[in-house]
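Using the sequences and the hints, build the whole thing.
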Amino acid sequence: SAVISQKPSRDICQRGTSLTIQCQVDSQVTMMFWYRQQPGQSLTLIATANQGSEATYESGFVIDKFPISRPNLTFSTLTVSNMSPEDSSIYLCSVDRSAQETQYFGPGTRLLVL
Amino acid sequence: DQQVKQNSPSLSVQEGRISILNCDYTNSMFDYFLWYKKYPAEGPTFLISISSIKDKNEDGRFTVFLNKSAKHLSLHIVPSQPGDSAVYFCAASTRGSQGNLIFGKGTKLSVKP
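So the sequence lines, in the order shown, correspond to chains A and B.
The first sequence finishes on residue 114 if you use our numbering, and the numbering steps up by one all the way, no holes.
The second sequence finishes on residue 227 if you use our numbering, and the numbering steps up by one all the way, no holes.
Source of the hints: derived by calculation from the structure; they are not laboratory data.
Hints should not be assumed to be uniformly reliable.
Claimed, not checked - In silico lysine to any residue, SDA-like type, Cα no more than 20 Å apart, as pairs:
| no. | chain 1 | residue 1 | chain 2 | residue 2 |
| --- | --- | --- | --- | --- |
| 1 | B | K222 | A | I90 |
| 2 | B | K152 | B | G174 |
| 3 | A | K7 | A | F66 |
| 4 | B | K168 | B | N136 |
| 5 | B | K219 | A | P107 |
| 6 | B | K170 | A | E101 |
| 7 | B | K152 | A | I90 |
| 8 | A | K65 | A | S18 |
| 9 | B | K222 | A | Q38 |
| 10 | B | K152 | A | P107 |
| 11 | B | K219 | A | P39 |
| 12 | B | K152 | A | L45 |
| 13 | B | K219 | A | E86 |
| 14 | B | K222 | A | P107 |
| 15 | B | K219 | B | D138 |
| 16 | B | K152 | A | P39 |
| 17 | B | K152 | A | Q38 |
| 18 | A | K7 | B | Y153 |
| 19 | B | K152 | A | L111 |
| 20 | B | K119 | A | Q41 |
| 21 | B | K219 | A | D87 |
| 22 | B | K119 | B | F179 |
| 23 | A | K7 | B | E156 |
| 24 | B | K222 | A | G40 |
| 25 | B | K219 | A | I90 |
| 26 | B | K168 | A | E101 |
| 27 | A | K7 | B | P154 |
| 28 | B | K152 | A | R10 |
| 29 | B | K219 | A | R110 |
| 30 | B | K219 | A | E58 |
| 31 | B | K222 | A | Q41 |
| 32 | B | K119 | A | G40 |
| 33 | A | K7 | A | Q28 |
| 34 | B | K219 | A | S88 |
| 35 | B | K152 | A | R110 |
| 36 | B | K152 | A | T44 |
Right, dumping it as structure tokens:
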């Protein structure tokens, strides 16, 4: 398995501000992903964080709203920009270990936007 | 349009009995399926997976069954334990574990002593 940490674990933010969420893995991984779980909904992929190049965004998500960095093979950040109450969600990073054929998830960041 | 559906939002089972969690999907291109367990205030924890070339995969108390013709999979937990009480998510992918995982909304399992 992989040990994944996220910071912050939770935050309460004001409308119009931005929050950067960090994801740290205990070993190098090829693929890192960012998901969102809105209240009462399933997890939805926001983007794949690519090391050394721009992230690949899923339909409905754009770089201006959710800029992502991936400076190395163990770390990534997701920024939620110009937040509104609709951005209140749990944000989770995950990593892929192909040899183990699964994705492992971090503990999540619980965001409440007022 | 939900591609992965878990139609039972909750399930209650007596300790020691079998828990059966169900999942239906619509996309015939899915080739890999996973089950995750999630406790409150934690991220999803991987439980078990199955490739579309198989119809059964077993790991200890957990068995996943895949019925491709019915586009249906199920997770069996035998025997159920109170520590199994959690939300269970079914997920599917078109590119193995490296693809975008499409999740169901989850089923909350309660195992009563």
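Numbers of the earlier hints that this structure fails to satisfy, in rising order: none
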